[in-house]
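Going line by line, the protein sequences match chains A and B. Per the working numbering, residue 1 is the first one in the first sequence, and the count goes up by one each step. Per the working numbering, residue 1 is the first one in the second sequence, and the count goes up by one each step.
Simulated from the structure, these hints should not be mistaken for lab results. Take these hints with a grain of salt, some might be off.
Simulated DEER-style distance windows between Cβ atoms [said to hold, decoys possible]: (1) B:D71 / A:L277: 37 to 45 Å; (2) B:A27 / A:R102: 16 to 24 Å; (3) B:D99 / A:L70: 50 to 58 Å; (4) A:Q386 / B:T38: 52 to 60 Å; (5) B:K127 / A:W295: 43 to 51 Å; (6) B:L120 / A:V236: 39 to 47 Å.
Not close to chain B: a few residues of chain A, all C-beta gaps over 12 Å, as computed [what the hints assert, rightly or not]: (7) A115; (8) I121; (9) D290; (10) S324; (11) M331.
In silico DSBU-like links for lysine-lysine, alpha-carbon gap of 30 Å or less [claimed, not checked]: (12) A:K427 / A:K361; (13) B:K143 / A:K296; (14) A:K296 / A:K308; (15) B:K146 / B:K45; (16) A:K308 / A:K427; (17) B:K127 / B:K188; (18) B:K133 / B:K84; (19) B:K146 / A:K296; (20) B:K143 / A:K427.
For glycine and all other residues, C-beta sits at the position ideal for the given N, C-alpha and C.
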Amino acid sequence: MIELLGQVEMDFSQWLAPFSDRWWQETLCSALVGVACGVLGCFVVLRRMALIGDALAHAVLPGVVIAFMLTHSSGVVGLLLGALLAGLTTAVLVNLVSRFSRTKEDSSIGIVFTALFALGIVLISALPRGVHFDLKCFLFGDPLAVGTADLWMMAIIAPLVILIVVLLYHPMKISSFDPVVAAAMGLPVVLLHYLLMGMLSATVVAGLKTTGVILVVAMVITPASAAYQLTNRFWVMLVLSGVFGALSAALGMSVAFVTNAPTGPAMVLVAAGLFTLAVIFSPSHGLVFDRIRRWKLNLHIQSEDVLKAVYRLTESDTPRTVNSVAEDASMGVSRVRSMIDRLRTRGMMIADPNRVELTPKGESRAVQMIRSHRLWESYLVERAQQDVSSVHDIAERLEHAHGLADEVAAHLGHPQFDPQGKPIPPKPGE
Amino acid sequence: MTTITRQPDPPVAGQPEPIEVVNAMVAYEGRPVLRSVTFTAPRGKLVGIIGPNGAGKSTLLKAILGLIRLDSGSVRVFGQPLNKVRSRVAYVPQTEAVDWDFPVTAMDVVLMGSYASLGLFGRPGAKEHAAAKTALDQVGMTKYAKRHIRRLSGGQQQRVFLARALCQQADVLLLDEPFAGVDAATEKTIFALMDRLTAEGKTLLVVNHDLSVLDRFDLLMLLNQQIMAFGPTEEVATDDNLRLTYGGRLSLLDRADDTLKHAGPEMRDD
Chain A
1 MIELLGQVEM DFSQWLAPFS DRWWQETLCS ALVGVACGVL GCFVVLRRMA LIGDALAHAV
61 LPGVVIAFML THSSGVVGLL LGALLAGLTT AVLVNLVSRF SRTKEDSSIG IVFTALFALG
121 IVLISALPRG VHFDLKCFLF GDPLAVGTAD LWMMAIIAPL VILIVVLLYH PMKISSFDPV
181 VAAAMGLPVV LLHYLLMGML SATVVAGLKT TGVILVVAMV ITPASAAYQL TNRFWVMLVL
241 SGVFGALSAA LGMSVAFVTN APTGPAMVLV AAGLFTLAVI FSPSHGLVFD RIRRWKLNLH
301 IQSEDVLKAV YRLTESDTPR TVNSVAEDAS MGVSRVRSMI DRLRTRGMMI ADPNRVELTP
361 KGESRAVQMI RSHRLWESYL VERAQQDVSS VHDIAERLEH AHGLADEVAA HLGHPQFDPQ
421 GKPIPPKPGE
Chain B
1 MTTITRQPDP PVAGQPEPIE VVNAMVAYEG RPVLRSVTFT APRGKLVGII GPNGAGKSTL
61 LKAILGLIRL DSGSVRVFGQ PLNKVRSRVA YVPQTEAVDW DFPVTAMDVV LMGSYASLGL
121 FGRPGAKEHA AAKTALDQVG MTKYAKRHIR RLSGGQQQRV FLARALCQQA DVLLLDEPFA
181 GVDAATEKTI FALMDRLTAE GKTLLVVNHD LSVLDRFDLL MLLNQQIMAF GPTEEVATDD
241 NLRLTYGGRL SLLDRADDTL KHAGPEMRDD
């Protein structure tokens, strides 16, 4: 294995120079295959079939070798037929093993594809002397081995796969989301499954010479997983995943030429990079936006707490300085200062070094907060069967959801007093 | 055994019954789950199917839908084999049957109901979108049309499933535990909707495990591998019938099946 890896070093400068016509052709075709991989990958990821994607890629080997033995050439048509046959055999065998034996599906996938891969390697060693089968190219990909026929295969298969997915978009969507209901509607769910397997095998074969068996599964699942982080719409996921697939392939080709690295690993690393960025910047689950959301919520809560503290101090006629407000709101002085600044720019507060006052707008917001707090306390006691003594702290947090206060009031029948008998201020304007 | 097979309404002449099951038998790995089930579900009726766990309630629905092969017997829908009238039958599975992280909105799921009549290459157009909107409105979910399904409550998810079946505009609806894990408001909405559907002449088969709402059904089927009783709810929902249905299997039959399958102790001569 180590010896094999040692052979991966390549020299592209000879006849596949960057930005030559040949380079453009190969990059364009790889990008097309990248789109197809990305689009099919969405189905693979959502149906939790990542392992079977890997299995298909490996199981293609015996099919390719048998085609090679029969035709004595690495002709594209034989290759493709061999791969399709091997791919469908894998899908059927996996199904049979898990149905007719006490084997779970993931284990049957593991058994079937390793067996087929091993068979492929044994077949290679049984090839007659003098016949050369380039296993290294098959395992790791080799852009130098890509011939004109291979380019044609890529240029035909990838658009064909995309076309089929576009045509069968709706049935494929429902049989991925809810196969039982799809079957009840009379859609050919099983046929669509094998069609997907067939398209996956063909696409894997198309991308094989550039990416290699071991890494090609990454081109299927990584762009799709990246797209899945970014959207809640299925068609958007397909489009994004296709774009990521194309980007990974094209950028990977470029990086490979610049750094003289093998193309397959370069593509996979670009895809993994895109995935990492998607995880970090995902608007719904991403780390960055999550932080921003929490930070904004904190600001909102703290500034409202300061507002309320000033209101309380005004009511009890205590002098309002930054220090007394900080004490009342149990917050740090510098924190309170920046909150006061924030409230001042929003027109809710007037502040000079010695004195802090609420504007009418600030006062009405503070009353709103108190109304919200007391309504939530009533709700907790009456509807959530909470003890009167324990509701204050919970209401301290809930009061910031004052947008819901009117609904709470309506729910409770517009109470006048909270559980402690304090008056609940009416809705502003009433 | 007090099997009641009286027909509540005589069938209208010339109009085939929505669902007719004759002598249906289903077995899993040689073990019968349904034994000679025969019944007719008339037009415009809300039929409740109740019985203990493992009684074959879901299996019966799936068998009617052709999702599970019958070992013997037959199912006819509107007097025809199911394949000819498939789009007239809608299925509402249990909500845990799907992946709620799938990237679709409530509206997307409802629109899937229209796929039944669109075929493989059809695309939902203005008509289908309008049907989906109406369906969402009927279950009170218009507000949530654009919401991702993961962000819906259990009751709302159930309503979306129901709306998908409505969007299919079927004449027969088969619902598997539509009240599992729903709030009181959703339960009320669903029953009101069911009443409206039956008033429109649709036939509903509802698998249910909650015995407290039995009186809402027009007809009741007590099922425990075989039909223990079937007929108008007030006649069927007797203590005796319920005890019979929930009071354990026909254990001798189970043991006989086990014996035949594994050649168990009962088979030995000594």
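- Query: At the C-beta level, are D71 of chain B and L277 of chain A separated by a distance inside 37 to 45 Å?
  - Reply: violated, 55 Å
- Query: Once the closest CB in chain B is found, is it more than 12 Å from D290 of chain A?
  - Reply: holds, 16 Å
- Task: Verify the proposed pairing of K143 of chain B with K427 of chain A, using a straight-line Cα cut of 30 Å.
- Result: holds, 25 Å
- Message: For a C-alpha distance cap of 30 Å, please report whether K308 of chain A and K427 of chain A respect it.
- Response: Judged against 30 Å, a Cα distance of about 17 Å means the pair holds.
- Task: Would you check the hint for K143 of chain B and K296 of chain A, treating anything up to 30 Å between C-alpha atoms as holding?
- Result: holds, 26 Å
- Query: Straight-line Cα separation of K146 of chain B and K45 of chain B no greater than 30 Å?
  - Reply: violated, 33 Å
- Does the hinted range 50 to 58 Å hold for D99 of chain B and L70 of chain A at CB? At roughly 42 Å between Cβ atoms, L70 of chain A and D99 of chain B fall outside 50 to 58 Å, so the hint is violated.
- Query: Far enough from chain B: is every CB of that chain over 12 Å from the CB of S324 of chain A?
  - Reply: holds, 43 Å
- Holds or violated: K146 of chain B with K296 of chain A, Cα cutoff 30 Å? Within the cut-off at roughly 25 Å; holds.
- Message: Given the hint of 39 to 47 Å, is the C-beta distance from L120 of chain B to V236 of chain A inside that range or not?
- Response: Violated - the Cβ-Cβ distance for L120 of chain B and V236 of chain A, about 23 Å, lies outside 39 to 47 Å.
- Would you assess whether M331 of chain A, listed as outside the interface, keeps its beta-carbon beyond 12 Å of every beta-carbon in chain B? holds, 33 Å
- State, for the Cβ atoms of Q386 of chain A and T38 of chain B, whether the hinted interval 52 to 60 Å holds or is violated. holds, 55 Å
Hints 1, 3, 6, 15 from the earlier list are contradicted by this structure; the remaining hints agree with it.
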